[in-house]
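Letter by letter, the chains look like this.
There are 2 protein chains.
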Amino acid sequence: MVCLEHSYIKQAAIFNALADERRLRILGLLKGCERCACAIKESLDLPQSSLSYHMKILCDSGLVYARREGKWTYYSIDRSGCLFAAELIKTIPAIDTDCCSEQKEKINE
Amino acid sequence: MVCLEHSYIKQAAIFNALADERRLRILGLLKGCERCACAIKESLDLPQSSLSYHMKILCDSGLVYARREGKWTYYSIDRSGCLFAAELIKTIPAIDTDCCSEQKEKINE
DNA sequence: ACCTCACATCCAAAAATCTAGATGTGTAGA
DNA sequence: TCTACACATCTAGATTTTTGGATGTGAGGT
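From first to last, the protein sequence lines are chains A and B. Numbering-wise (my numbering), the first sequence opens with residue 1 and increments by one. Numbering-wise (my numbering), the second sequence opens with residue 1 and increments by one.
These are computed hints drawn from the structure, not numbers from a lab. Accuracy of the hints is not assured; some may be wrong.
Given that identical chains are not distinguished, each listed pair holds provided it fits within a single copy or across any two copies.
Said to hold, decoys possible - Pairs of lysine to aspartate or glutamate residues, derived as EDC-like cross-links and limited to a Cα-Cα distance of at most 16 Å, are as follows:
# : residue 1 : residue 2
1 : 31        : 69
2 : 31        : 78
3 : 10        : 21
4 : 56        : 78
5 : 90        : 78
6 : 56        : 20
7 : 10        : 42
8 : 10        : 87
Source: prediction; values computed, not measured.
Input sequences plus hints: build the corresponding full structure.
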């Protein structure tokens with residue numbers, strides 16, 4: 001059983017990685033295909049250092065996986081990280097609500 | 001069919017609302033039960049104006065619903081907003097990947 | 001009408017994030 | 001070993017976000 005209380009900071013890091021238009025665009029580019037930094041850089045038209053900055057945020061959050069091959073770095077979606085993120089967000093709407101049942105009774109009055 | 005390309009900004013706003021430890025904590029408090037601002041304020045030990053600021057971000061993102069009753073404002077999870085967010089994040093891991101099939105063939109060589 | 005309460009909004013300062021040029025690091029080829 | 005390349009990291013400045021006290025607003029209560 002995971003203690004959500006102590007993982008809010010980690011959760012926030014994941015959502016923060018998703019909270020940027022360019023990073024979402026990068027994730028879109030990585031859908032299904034590994035790409036090297038230079039390819040992403042050209043697609044998004046970003047300075048190299050800026051791309052590197054955003055890639056680091058995505059990798060640190062666990063959403064993206066980086067693989068070094070010679071001079072190139074290939075990035076790809078980290079499936080397990082993304083599945084974790086999807087699980088996280090599923091817990092938020094709280095479709096199955098058990099707390100505050102007394103309040104529900106109030107509403108039903 | 002939704003054009004994801006043009007909705008990255010809206011998506012980013014939703015994830016941005018989730019990209020903060022305190023806001024996640026607030027969503028945790030709201031799981032299943034409506035709460036008034038003062039209750040949340042006491043749980044999180046935040047100045048009133050600061051709480052109001054975070055509640056506005058959550059409401060603007062569509063994740064939380066605010067209801068006025070007399071002097072009090074009651075907040076609750078906006079289920080449809082959260083379901084939309086869950087749908088969004090589901091599209092990111094790209095479990096079903098169709099693009100770049102030529103690259104997959106390369107890998108299989 | 002006046003007061004208080006619950007909350008929203010304003011505002012200036014503080015903190016965090018982002019940008020992009022400069023520099024550093026590791027790899028590969030000559 | 002020298003050079004070029006691909007990318008990471010550093011850095012200072014720009015921009016954005018957050019904070020929290022002050023103030024505004026609307027709903028009761030007296």
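Which of the stated hints cannot be reconciled with the structure, identified by number in ascending sequence? 1, 7
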